[in-house]
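Using the sequences and the accompanying hints, generate a full structural model.
Chains as they are written, first to last, in the working numbering: chain A, 520 to 828; chain B, -19 to 322.
Treat the hints with care, as some may be off.
Here are the computed lysine to any residue pairs in the SDA-like style, where the Cα-Cα straight-line distance is at most 25 angstroms [to be verified]:
hint : chain 1 : residue 1 : chain 2 : residue 2
1    : A       : Lys712    : B       : Met0
2    : A       : Lys653    : B       : Ser(-7)
3    : B       : Lys(-4)   : A       : Ser656
4    : B       : Lys305    : B       : Leu284
5    : B       : Lys94     : B       : Ile214
6    : A       : Lys591    : A       : Ile806
7    : A       : Lys712    : B       : Lys(-4)
8    : B       : Lys259    : A       : Tyr650
9    : B       : Lys(-4)   : A       : Leu717
10   : A       : Lys815    : B       : Ile80
11   : A       : Lys603    : B       : Tyr131
12   : A       : Lys712    : B       : Phe6
13   : B       : Lys100    : B       : Asp193
14   : B       : Lys305    : A       : Leu550
15   : B       : Lys96     : A       : Ser656
16   : A       : Lys712    : B       : Ile(-8)
17   : B       : Lys300    : A       : Phe715
18   : B       : Lys312    : A       : Leu654
19   : B       : Lys140    : A       : Met741
20   : B       : Lys140    : B       : Ala156
21   : A       : Lys712    : A       : Leu684
22   : B       : Lys(-4)   : A       : Gly727
23   : B       : Lys301    : B       : Ser(-7)
Listed below are several chain A residues computed to face chain B (Cβ distance under 8 angstroms; list not exhaustive) [to be verified]:
hint : residue
24   : Leu556
25   : Asn571
26   : Ala574
27   : Asn655
28   : Ile668
29   : Pro669
30   : Val780
31   : Ser781
32   : Ala785
33   : Val821
Hints were generated in silico from the structure; no laboratory data involved.
Predicted model only: the values in this text are computed from it and were never measured.
Virtual Cβ for every residue (Gly too), placed ideally from N, Cα, C.
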Amino acid sequence: MSTKSQYGEAKDNYHQKLMAKSIAILVVCILLTLICLVPIYILIVNSTHSSNDLAQNPSRFFFGPHLGDNFKTLMNNLPADAGKAAKRVAAQYSSAFNLGKGYLNSLIIAGFSTLLTVFFSAMTAYGLTVYEFKLNSAAYTFIIGVMMIPVQVSSAGFVRFMYSLNLINSFIPLIIPAIAAPAVIFFMVSYMKSSFPLEIVEAARIDGCTELRTFVTIAIPMMKPAIAVQAIFAFVANWNNYYTQNMILKNADYATVPIMVSKVLAFDKNVDNGVNYLCITLSILPIVVVYFILSKFIIAGVALGGVKE
Amino acid sequence: MASAAQSRIKSISYAKYGYMFIAPFFLVYCFFQIWPLIYTFILSFKGNQANNAQFVGLDNYSQILFGTGSSEGASAVHEEFARALGNTFVLWFGNFIPQILLSLLLAVWFTDAKVKLPGKGFFKIVMYMPNIITAASVAALYVNLFGDSKYYFVNATLMKLGMITDPVEFVAGPTASKVMVMFIQTWLWFGNTMIMLMSGIMGISPSLFEAADIDGANSTQQFFNITLPLLQPIMVYTLVTSMIGGLQMFDLPYLYHNGANFSKQLETVAVYIYYNFNKGTVDQANYGYAGAASIVIFAITAILGSITFYMNRDKDAIAKKKQRKKAEKQMKAKMKQGGLSI
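As structure tokens, this is what we get:
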């Protein structure tokens, strides 16, 4: 009898301990969630306040009525009776943060880079897994070897080279190099090794399919999951790439979203905090929205050893 | 039983298609990566500013590494580079330690089958989120939230709560700004590291944990005796990629400042390189110093990279290759013998 009750006690204790542990973990997780989300929330809240309101009380937790006004300042669309100082602020912000142009430039660069990265990386991975040739393993070793070379290491030579080719203020040095993405190739090779049956290629050959057509019409559709994951990461990385864009694109007409943010950040005079916050909100909004739509996909991709930059 | 078509296909060599498929990568990589790397190497032996065409040998290296050389300001050049290297290490170390501890703890919790945690998926999504936000925007966001005077959100809120009486210089303060950059880096990367470690832990056979449970091991014992030893390869990988990533730390240290110029107390090696080759026209920039610093970083990365490469190599494939070669040798030897006997 006594052993039974002891056993029951131990069981109860075990459950209590487990419950306590679960609750502690939950509290920590909620805290971390707040640390992740509160800065973004305050950012959005502050972009709905005017600079004067923020100067009077910078510690605001709820939405204000001035989002529209901040937008008007940013678009340089002030009412005719606006003061000289306000007009100066509006002129400064609208010239540094040209919303439409910035989004378009970022979209062009990130979009084309992503297309080139996934297509040519899939192609290289296909070449390495399907065909046997003398330099195959040497090529693969090379790709793995250069995977970790940081972009900073060659950037001094890169910029000088681009100056000599007259490619400063051009999108070409930002888009074309996307063809060569060693880390993406590495990911795709391991994906193909695990889930691409080579018999299919042979079957296509017997049916008279050319090699390129086999790749485009058979291999690419079969690699869709890997391509989708890598496309998301490539797009995000290129959209966020401040380093390369800032050293190539000197002309304000070609400024991308990260460059515009850095310009707003560097203002010394005529700063309007409300508009500052609005600029930052607008710069992260598209990517955050897309992230929450695709989040499950992205998390799965990271778990697969998704490429980070 | 092979059909005529099949045997014909076997006799065709497809090797040339292999070269054709990998050619675009190698062409573009050589043009936009290898040549710039070689060019950087060449630039590191040339002078700075107006002397950028002149060959100066190892002068740039001796200036940045030892503070000796032809230039009058050689010791200042060395000091700046040494400070950048020191900052890089301090900032990396200060974000890696909290990041790996936090990620490891969360990864263990999230993969523990006994703990019933509601909203696991939601937590993962939220914790990874900072990682996808533009780093330039993150810097701008924190500069605006943590501004130095009482007119900014964090200082104003802390003063309202009575936790501080005078505003803290989160952006301009030498120590506070470093701590902030470490915090923001951790904020950006802990979700990523957590998910990587989680996939590593989930690769460990659950029967090991079950057996340990039955033997009466508690979760601390399980962590130190099962999880940690089996997680070692992924931990090494995380460590090395994080170190290489730390050497590249640029956006945040470069943009976390007041006004127009980056702050010297946050100058990392990447910022040093960028600042030197990116000031003004070609005749005003210090391509020599930038090139030499780049090559130093390249050497460090190469060492770190080869460590991971060595640890992550496909051991099965290598063993198979060895076996195949051995078999081939034996075959050849046998053939030779056979040939002789005839």
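Structure-based check of each hint:
{"no.": "1", "hint": "Lys712/A - Met0/B", "result": "holds (20 angstroms)"}
{"no.": "2", "hint": "Lys653/A - Ser(-7)/B", "result": "holds (12 angstroms)"}
{"no.": "3", "hint": "Lys(-4)/B - Ser656/A", "result": "holds (15 angstroms)"}
{"no.": "4", "hint": "Lys305/B - Leu284/B", "result": "violated (31 angstroms)"}
{"no.": "5", "hint": "Lys94/B - Ile214/B", "result": "holds (24 angstroms)"}
{"no.": "6", "hint": "Lys591/A - Ile806/A", "result": "holds (23 angstroms)"}
{"no.": "7", "hint": "Lys712/A - Lys(-4)/B", "result": "holds (21 angstroms)"}
{"no.": "8", "hint": "Lys259/B - Tyr650/A", "result": "violated (47 angstroms)"}
{"no.": "9", "hint": "Lys(-4)/B - Leu717/A", "result": "holds (18 angstroms)"}
{"no.": "10", "hint": "Lys815/A - Ile80/B", "result": "holds (23 angstroms)"}
{"no.": "11", "hint": "Lys603/A - Tyr131/B", "result": "holds (24 angstroms)"}
{"no.": "12", "hint": "Lys712/A - Phe6/B", "result": "holds (21 angstroms)"}
{"no.": "13", "hint": "Lys100/B - Asp193/B", "result": "holds (23 angstroms)"}
{"no.": "14", "hint": "Lys305/B - Leu550/A", "result": "violated (57 angstroms)"}
{"no.": "15", "hint": "Lys96/B - Ser656/A", "result": "violated (47 angstroms)"}
{"no.": "16", "hint": "Lys712/A - Ile(-8)/B", "result": "holds (23 angstroms)"}
{"no.": "17", "hint": "Lys300/B - Phe715/A", "result": "holds (21 angstroms)"}
{"no.": "18", "hint": "Lys312/B - Leu654/A", "result": "holds (23 angstroms)"}
{"no.": "19", "hint": "Lys140/B - Met741/A", "result": "violated (59 angstroms)"}
{"no.": "20", "hint": "Lys140/B - Ala156/B", "result": "holds (20 angstroms)"}
{"no.": "21", "hint": "Lys712/A - Leu684/A", "result": "violated (40 angstroms)"}
{"no.": "22", "hint": "Lys(-4)/B - Gly727/A", "result": "holds (18 angstroms)"}
{"no.": "23", "hint": "Lys301/B - Ser(-7)/B", "result": "holds (22 angstroms)"}
{"no.": "24", "hint": "Leu556", "result": "holds (6 angstroms)"}
{"no.": "25", "hint": "Asn571", "result": "violated (11 angstroms)"}
{"no.": "26", "hint": "Ala574", "result": "holds (6 angstroms)"}
{"no.": "27", "hint": "Asn655", "result": "holds (6 angstroms)"}
{"no.": "28", "hint": "Ile668", "result": "holds (6 angstroms)"}
{"no.": "29", "hint": "Pro669", "result": "holds (4 angstroms)"}
{"no.": "30", "hint": "Val780", "result": "holds (5 angstroms)"}
{"no.": "31", "hint": "Ser781", "result": "holds (5 angstroms)"}
{"no.": "32", "hint": "Ala785", "result": "holds (5 angstroms)"}
{"no.": "33", "hint": "Val821", "result": "holds (5 angstroms)"}
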